[in-house]
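Fit the two chains together into the complex; they arrive one by one in their own frames, and the hints show the way.
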Amino acid sequence: GDQVEQSPSALSLHEGTSSALRCNFTTTTRSVQWFRQNSRGSLINLFYLASGTKENGRLKSAFDSKELYSTLHIRDAQLEDSGTYFCAAEAPTNTGKLTFGDGTVLTVKP
Amino acid sequence: AQTIHQWPVAEIKAVGSPLSLGCTIKGKSSPNLYWYWQATGGTLQQLFYSITVGQVESVVQLNLSASRPKDDQFILSTEKLLLSHSGFYLCACSPGQGARDTLYFGAGTRLSVL
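Chains A and B, in that order, are what the protein sequence lines are.
Under the numbering used here, think of the first position of the first sequence as 1, with each following residue one higher.
Under the numbering used here, think of the first position of the second sequence as 1001, with each following residue one higher.
Since the hints were made in silico from the structure, they are not lab data.
Every value quoted in this text rests on a predicted model; they were computed, and no experiment measured them.
C-beta: ideal position from N, C-alpha, C; glycine also.
A couple of the hints might just be wrong.
Unchecked claim - If you only want the chain A side, here are some residues facing chain B, beta carbon under 7 Å, derived:
1) S42
2) N45
3) Y48
4) F100
5) D102
Only chain B is shown next, with the shape it has when bound in the complex (with noise of 0.2 Å):
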């Protein structure tokens, strides 16, 4: 089975400061990757998904970005963070095409912009 692997686990960040978060798979080989992010209380709001190595889609702008520098590997960004940017963010990965298989979240990092 896949573990999915988030860093850090919480951040405390002020309003224009750069930000990235990590996220790393274990144990399967070319899964789809996503982002979602989640408000305090909230849904969650899908904002990018992976299909393959350097191939991001972007579902929601929100002034930020993604990358896939790795099979394994998936990276949410931004250069300057916004009051609006806080909350949970979770990194999931799929093992098939598309999302028609079981979706799989990884722990979550809890942004807090001040």
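Isolated chain A (complex conformation) (with noise of 0.2 Å):
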């Protein structure tokens, strides 16, 4: 989306390796969420964050109001994190939107 720049937008990996994915935002964002979704469609929340980085087994997340940034590490890859990867950002104003990235599609290999 216009407000929600995403990179990269694809992501090759070897199994054990580790990446970042990042997103830009372009206006005020209240609050950031990380999704994940697989080949049928479902979607996984990873990480809702207001401020700060929030770690959960090999994934961390941060969020820099500020700096209008948000990055997803992922550590030690392994076959099953393959899949598309989508932040969705707050605005700033209580209207319930959120307005989500273009997605990055996350491969990893053996």
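In structure tokens:
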């Protein structure tokens, strides 16, 4: 989406390696959420951040509301990490609107 | 934890025919409810959201309408389908006010308009 610039659009990793995804926001963002979508279309919420960082297993996310960006780090990538990752930004006003990035297609190879 | 049931799982419909997609939430009272649309290979676009029964806000006009007849039910419909309506429709809920809470998605409905 225009408000959310997600990169890279595609990423290929070998098992055991690490990398990071990034979302830049063009307007003030109250919070950010990260999702992973599998091949069947199911979306799983990975993180919700209003500020700072959160970690869950091999995943770690950070949100800098002043510099207008968020990152998702994947450590020691596994085959099951493959999928499409989306970030979503919450509008600053309480309208219930989330704007999604265009997604990063992650492929983890043996 | 809440569960989100969407129906049908998939639909193949003719241009100009009517459509009704359903979503039921269990395990959470008075949730915020959302409809999202995703084109094949594309991003998610929010269509509607509802904070309470009988109240629906439209985010994007796509010749679709939504209704919330019950606290735990959200319906997406149209009287005449267009080819551009094809895609993946996802119902989502969040437990709190606005979008400040974690968003949970249903399994989705794949719609093909021919």
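Now for the hints, and whether the structure bears them out:
no. : hint : verdict
1   : S42  : holds, 6 Å
2   : N45  : holds, 5 Å
3   : Y48  : holds, 4 Å
4   : F100 : holds, 4 Å
5   : D102 : holds, 5 Å
Consistency note: the structure conflicts with none of the earlier hints.
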